[in-house]
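The sequence shown begins at 1 in this note's numbering and counts up one residue at a time.
Please keep in mind that the hints were generated in silico from the structure rather than gathered at the bench.
Treat the hints with care, as some may be off.
To be verified - Below are the DSS-like pairs computed for lysine-lysine, each with C-alpha atoms no more than 27 angstroms apart in a straight line:
no. : residue 1 : residue 2
1   : K106      : K121
2   : K112      : K64
3   : K64       : K106
4   : K32       : K56
5   : K112      : K32
6   : K112      : K56
7   : K64       : K121
8   : K32       : K64
9   : K84       : K121
10  : K121      : K32
11  : K121      : K56
12  : K32       : K106
Nothing here was measured: the structure is a model prediction, and the numbers come from that model.
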Amino acid sequence: MTMQGRDFFNVGAAVMAALALTPAAAIAMDAKSVVDAAKTAGIVGEQADGFLGFVKASSDPALKGAVQEINEGRAALYRQAAAKNGVSVEVAGASAYSTVVQARIKPGEHYKPNGGGWMVK
Numbered sequence: 001m002t003m004q005g006r007d008f009f010n011v012g013a014a015v016m017a018a019l020a021l022t023p024a025a026a027i028a029m030d031a032k033s034v035v036d037a038a039k040t041a042g043i044v045g046e047q048a049d050g051f052l053g054f055v056k057a058s059s060d061p062a063l064k065g066a067v068q069e070i071n072e073g074r075a076a077l078y079r080q081a082a083a084k085n086g087v088s089v090e091v092a093g094a095s096a097y098s099t100v101v102q103a104r105i106k107p108g109e110h111y112k113p114n115g116g117g118w119m120v121k
């Protein structure tokens, strides 16, 4: 399914609204702080599908759990946005990456564009 730019933006806006309305308990602050530190260290980055990924392999169970927890929360938001906008979960995740996640990537952090390798902002 192809989407016009306006429709793609609407899905991203729906995800952004969901992120703004999500209770802080939905994404535990400890998971966020662990992932934020890993982003700064270049271990974890943002992927074009809207999920976190590992730039470098990690054997840290706390970090793996934190990434999984955040990705599960994102997946739930993407399912909601997809259902609301009549698109696939994949489209909702990609839209979130394009409209929300990319804006939050800080200089020095990693991201992985669709079909590409890891890059540093």
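Next on the checklist: So if I understand the rule, the pair passes when the alpha-carbon distance is 27 angstroms or less; does K32 with K106 pass?
Outcome noted: It holds: about 15 angstroms lies between the C-alpha atoms, which stays within 27 angstroms.
Item to check | Restraint check for K112 with K32, where alpha carbons must lie at most 27 angstroms apart | outcome: With Cα atoms ~19 angstroms apart, K112 and K32 stay inside 27 angstroms; holds.
Item to check | Restraint status (C-alpha distance of K112 to K64 at most 27 angstroms) | outcome: 18 angstroms, holds
Checklist entry - Is it true that the CA of K106 sits at most 27 angstroms from the CA of K121? => result 7 angstroms, holds
Checklist entry - Taken at face value, is the distance from the CA of K106 to the CA of K64 at most 27 angstroms? => result Roughly 21 angstroms separates the two Cα atoms, so the pair holds.
Item to check | Satisfaction of hint between K56 and K112, Cα-Cα up to 27 angstroms | outcome: 13 angstroms, holds
Item to check | Pair hint K32 and K56, alpha-carbon separation not exceeding 27 angstroms | outcome: 18 angstroms, holds
Checklist entry - Does K121 lie within 27 angstroms of K84 when you go C-alpha to C-alpha? => result Between K84 and K121 the Cα gap is close to 32 angstroms, so the pair fails against 27 angstroms, i.e. violated.
Checklist entry - K64 and K121: Cα distance at most 27 angstroms? => result 23 angstroms, holds
Next on the checklist: Tell me if the straight-line CA distance from K32 to K64 falls inside 27 angstroms.
Outcome noted: It holds: about 12 angstroms lies between the C-alpha atoms, which stays within 27 angstroms.
Checklist entry - Within 27 angstroms, alpha carbon to alpha carbon, are K121 and K56? => result Holds, at about 16 angstroms.
Item to check | Distance restraint between K121 and K32, which requires alpha-carbon spacing of 27 angstroms or less | outcome: Cα-Cα ~20 angstroms, so holds.
Hint 9 from the list above is the single one not met by this structure.
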